[in-house]
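Sequences listed follow chains A and B, in order. Going by numbering that gives the first Met the number 0, the first sequence opens with residue 0, and the numbers climb by one from there. Going by numbering that gives the first Met the number 0, the second sequence opens with residue 0, and the numbers climb by one from there.
Take the hints with a grain of salt, since some may be wrong.
Label-pair ranges, simulated between beta-carbon atoms [what the hints assert, rightly or not]:
#: 1; chain 1: A; residue 1: Ala391; chain 2: B; residue 2: Pro105; range: 49 to 59 Å
#: 2; chain 1: A; residue 1: Ala391; chain 2: B; residue 2: Leu249; range: 49 to 59 Å
#: 3; chain 1: B; residue 1: Ser159; chain 2: A; residue 2: Ser293; range: 25 to 35 Å
#: 4; chain 1: B; residue 1: Ser159; chain 2: A; residue 2: Ala391; range: 22 to 32 Å
#: 5; chain 1: B; residue 1: Pro105; chain 2: A; residue 2: Gly341; range: 45 to 55 Å
Which residues of chain B face chain A? A partial, calculated answer using Cβ under 8 Å [to be verified]:
#: 6; residue: Ser88
#: 7; residue: Gly89
#: 8; residue: Leu102
#: 9; residue: Val109
#: 10; residue: Ser117
#: 11; residue: His119
#: 12; residue: Asn120
#: 13; residue: Gly124
#: 14; residue: Gly131
#: 15; residue: Ala141
#: 16; residue: His142
#: 17; residue: Glu152
#: 18; residue: Thr155
#: 19; residue: Ser159
#: 20; residue: Ser179
Please keep in mind that the hints were generated in silico from the structure rather than gathered at the bench. Cβ atoms here follow ideal geometry from the backbone N, Cα and C, with glycine treated the same way.
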Amino acid sequence: MQPVAISQHTLTTAIGVGLDATLAALREGRTGLAPRHFLDAALHGWIGEVDGVDAIVLPPHLHEFDCRNNRLAWLALEQDGFIAAVARARARWGAERIGVFLGTSTSGLLQTELAYRHRQPDGSLPNDFIYAPTQNTYSVAAFTATALELAGPSFVVSTACSSSAKVFGNAARMMAAGLIDAAVVGGVDSLCLTTLYGFNSLELLSSDICRPWDAQRHGLSIGEAASFALLERDCAAPQGWLLGIGESNDGHHMSTPHPEGAGAIAAMRMALADAALQPRDIDYVNLHGTATPSNDAAEDRAVAAVFGTDVPCSSTKGATGHTLGAAGGVEALIALIALRHGLMPGGLNLQTPDPALRLNYLRENRAAPLRTVLSNSFGFGGTNASLVLGRAA
Amino acid sequence: MSSLLAPMFIQGIGLLGPGLPSWPASQATLRGEQPHRFELSVLPPPARLPPAERRRAGAVIRLAMAVADEAIAMANVDPQTLATVFTSSGGEGANCHSLCETLASPNPLVSPTRFTNSVHNAASGYWHIAVGSRHSSTSLCAHDGSFGAGLLEAATLMHSHAEPLMLVAYDLPYPEPLNSARPLPDNLGLALVLTPAPTNRSIAELRVEALPSRLASPVDVCGDASLDALRAGMPAGAGLPLLQALARGLQARPRELTIDYLPQLKLALRLSAVEHAE
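Isolated chain A (complex conformation) (with noise of 0.2 Å):
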């Protein structure tokens, strides 16, 4: 693919709002996950929750879509100057040439199961309850159009964990269709219970923090995140490029990764051929690493298979927990972070290491340059997608 540029970028994950908090805690090899409870869920395990989320006032004229999902997404746009680099996009291109396409997994749908618990006598919602700016899991997209005053094409894509990966791929294509001249792109996932009693009810979560390659690792805990990027047809300062996408389907389980993670190669194969890139240029992975005992062992298969086993590989979901439907936007620019900064995060809370995982995984944070990243991020009902993402310089 023509390389496209990232002109501006954000997240906010519990590790901290806004770029130089999540750096500094990177470099302090910091959690974000906490022993805590999320509401009344009366779950055993660890949470990625960033605070001050309900603490967030949307601006009047966005009231209608206040849910949870949309104040996280809307604390995450007030960073890192992101509102005013998309207005500049705008008075460039114009709103009607800048899409929108974001990843989420539930959108707003805690909104909807606090309202099934103020049902009123004769079964119904609550009044103030609506829709489609809230659940709909369209809405954080319509939102984040709304907010940022962008008319171009828009979209959710939902496909559980690899949502917000896939999405740097739609605006590529459409891009380099001709139909837009830029986008923003990223994911928004908020905690609810659907999703931690859900992986709680198949035996996914983690009673303990989630501890990615070691050897007694027993699954994930689950944080929130919101990550936004600005993709723009040419730019003057990029931050960075996105090089290649690649994706695929495992067509084998809808919640187990295919064993020897035949589906995760196909889409690093296709995402190094679409960058142009042998194996070798790659100088770091960013790994899907979730601290189930499936995921980690099919995707050291499936990395080294690529790559080999020299590689450098970590995963960060030991600091900011799965973020699942936001998971694959956030890796992305944590990769970004690793590329301009030259800081390969270490994996945090590996105790001992799986003897059976093969990949040169790091405990401690490295310096190096680098010059391209892969970030890999895999999902529910067998999605896969790895993005490359190269220095702006």
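Guided by the hints, dock chain B onto chain A, whose structure is given.
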């Protein structure tokens, strides 16, 4: 119109909705030769799934697989070879309702199957497992514009990859109390098998362009009031004028259509007859 996107060739069609039991059985209604009668749709168990899964398959799997299978059979293609674009406003309403009811109770016990089926890409996941396809798949949502989003993405994918793909659009109603907040009259699904070059089974050439509403022609409606209520009242219904044009048959002159996508954006379609080699 001067579309930027490469043409696609329609090779298979699937349809299931109220009073629209299948693509072949809906021809007279779509052509306007008989009035549309709103009769609730019946979702068949998916023959493609093994018996145990077939019984457990929820409504969203039944609807999406029914229209996908119909389109595949008509196109006579191996589904393993197809990338897919699934698009829906809300997945399975009954499943969402059941989860929300459970989660409103103290110490909720969530069913793992209900949770797995609640992901927006459940239909895509089950489809790719059933047909053993490792080709890429996406699952989109744009609320009432979900059909337009899916068709635009299908056209964009075709433009960049030039590989055959299937578009599956499907919407299902919520039970009460959610139905009052998001009223949808019934299930509606439609599927298109699309190829990058004409084949001897191609039905029509389709070109897609996104146009700001201020520049677009008025949206085409379905002449029949009952059918038009489906077009306007179901997200996947935005595709019905396209199916009507195909059912009526194409003349030498291309047929131009405008369909809904987002409030500020419409899709301009151009359908042309395909010259067959034989």
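Structure-based check of each hint:
1. Ala391(A) with Pro105(B): 49 to 59 Å: holds (53 Å)
2. Ala391(A) with Leu249(B): 49 to 59 Å: Given about 50 Å between the Cβ atoms, the range holds.
3. Ser159(B) with Ser293(A): 25 to 35 Å: holds (33 Å)
4. Ser159(B) with Ala391(A): 22 to 32 Å: Holds - the Cβ-Cβ distance for Ser159(B) and Ala391(A), about 25 Å, lies within 22 to 32 Å.
5. Pro105(B) with Gly341(A): 45 to 55 Å: Taking Cβ atoms as reference, Pro105(B) and Gly341(A) lie about 51 Å apart, which means the hint holds.
6. Ser88: Interface hint status for Ser88(B): holds (7 Å vs cutoff 8 Å).
7. Gly89: Hint holds; Gly89(B) Cβ to chain A Cβ min 7 Å, cut 8 Å.
8. Leu102: holds (5 Å)
9. Val109: holds (4 Å)
10. Ser117: holds (6 Å)
11. His119: Hint on His119(B): holds, closest Cβ of chain A at ~3 Å, below 8 Å.
12. Asn120: Since the shortest Cβ distance to chain A is 4 Å, the answer is holds.
13. Gly124: Where the cut-off is 8 Å and the nearest Cβ of chain A is about 3 Å from Gly124(B), the hint holds.
14. Gly131: Hint on Gly131(B): holds, closest Cβ of chain A at ~5 Å, below 8 Å.
15. Ala141: holds (4 Å)
16. His142: holds (4 Å)
17. Glu152: Given a least distance of 7 Å, the restraint on Glu152(B) holds.
18. Thr155: holds (5 Å)
19. Ser159: It holds, given that the least Cβ distance between Ser159(B) and chain A is near 5 Å, below 8 Å.
20. Ser179: Where the cut-off is 8 Å and the nearest Cβ of chain A is about 6 Å from Ser179(B), the hint holds.
When the structure is compared with the earlier hints, no violation turns up for any of them.
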